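*Asks:* Sequence:
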Amino acid sequence: MDIEAIREHALVRRCKHAPGQGVYHAGQPFHAIYLVHAGSYKICELAEDGREQVTGFRMRGDLIGMESIGQKTYGSDVIALESSEAWELPYPAVMRACLSAPELQSHLTAALAAEIRNDRSWMLMLGTLAAERRVAAFLLDVAARYARLGYSAKHFILRMSRIDMASFLALKHETVSRALSHLHDLSYIAVQRREVRVLDANGLRSMAGVSTALN
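In this text, residue positions in the sequence shown follow my numbering: the first is 8, and each later residue adds one.
Everything labelled a hint here was simulated from the structure, so no lab data went into it.
Bear in mind the structure is a predicted one, so any value in this text is a computation, not a measurement.
For each residue, glycine too, the CB sits at the ideal point set by N, CA and C.
One should not assume that every hint holds.
[As the list claims (entries may be wrong)] Listed below are the simulated DSSO-like cross-link pairs for lysine-lysine, each with C-alpha atoms no more than 30 Å apart in a straight line:
| hint | residue 1 | residue 2 |
| --- | --- | --- |
| 1 | Lys-23 | Lys-79 |
| 2 | Lys-161 | Lys-23 |
| 3 | Lys-161 | Lys-179 |
[As the list claims (entries may be wrong)] Pair ranges (Cβ atoms, derived):
| hint | residue 1 | residue 2 | range |
| --- | --- | --- | --- |
| 4 | Gly-210 | Arg-21 | 24 to 32 Å |
| 5 | Asn-125 | Ala-208 | 18 to 26 Å |
| 6 | Ile-76 | Ile-170 | 26 to 34 Å |
| 7 | His-162 | Ser-90 | 17 to 25 Å |
| 8 | Asn-125 | Lys-79 | 21 to 29 Å |
| 9 | Ser-107 | Leu-206 | 45 to 53 Å |
| 10 | Ser-128 | Gly-82 | 28 to 36 Å |
| 11 | Ser-168 | His-32 | 17 to 25 Å |
Can you build the whole structure from these sequences, using the hints too?
*Replies:* Structural data, given as structure tokens:
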């Protein structure tokens, strides 16, 4: 993203967040989108029964708040999973920058389209895949995201808790733990707490029922 084009119209504020600290909360006035510069965040909404439902995770290079464009308020909570930093991009300044830098508008459109495609893919998977397949697909997705950031896709740390992972996958916490243990027993992965090593990527893909990782 062309941050410099936005800086010509407004101050881009660098916001640091401690683990558990919110970037914004549902119901607060929408005024900016955020670019994750470091660390990771979870996106949460309240389910009808009042439970917190994790609807996504964001890592470096991802945009936050795009789903609230056109709304008066933010529709979700965004919480840091670790010590993280997000750059606040005032939305009016972003729109002005788009007029002078058409490539910025193209970037935002592509980012929003990718987010919609990814959400749709996960909706289909969560509605059709058994528990172990969901967990396998999730690990492949995390691995692919680390790879795009230039890190290893075969050895990484899960920044989210098992409870957050279970919430996102619409599973019980115990079910996620059992699925990880089974994938470990199959020698597809080696897992110790939040540290994951992918030992057999093809086996993991076969378990997930996909030829490649999700976007």
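*Asks:* None of the hints should be skipped; say for each whether it holds.
*Replies:* Here is what the structure says about each hint:
With a C-alpha separation of about 25 Å, the suggested pairing of Lys-23 with Lys-79 holds against the 30 Å cut-off. For the given pair, Lys-161 sits about 29 Å from Lys-23 by alpha-carbon distance, which is consistent with the 30 Å threshold. Taken as a hint, the Lys-161 and Lys-179 pair is honoured in the structure, with Cα atoms around 26 Å apart against an allowance of 30 Å. Roughly 42 Å separates the CB atoms of Gly-210 and Arg-21, a value that falls outside the hinted 24 to 32 Å.
Look at Asn-125 against Ala-208: about 20 Å separates their beta carbons, and that is inside 18 to 26 Å. At roughly 30 Å, the beta carbons of Ile-76 and Ile-170 sit within the given window of 26 to 34 Å. Range check, His-162 to Ser-90: about 21 Å between beta-carbon atoms, so the 17 to 25 Å window is met. A beta carbon spacing of about 25 Å between Asn-125 and Lys-79 agrees with the range 21 to 29 Å that was offered as a hint.
Here the CB-CB span from Ser-107 to Leu-206 is close to 50 Å, well matched to the stated 45 to 53 Å. Against the hinted window of 28 to 36 Å, the Cβ-Cβ separation of Ser-128 and Gly-82 comes to about 21 Å, which falls outside the hint. At roughly 20 Å, the beta carbons of Ser-168 and His-32 sit within the given window of 17 to 25 Å.
When each numbered hint is compared with the structure, violations occur for hints 4, 10.
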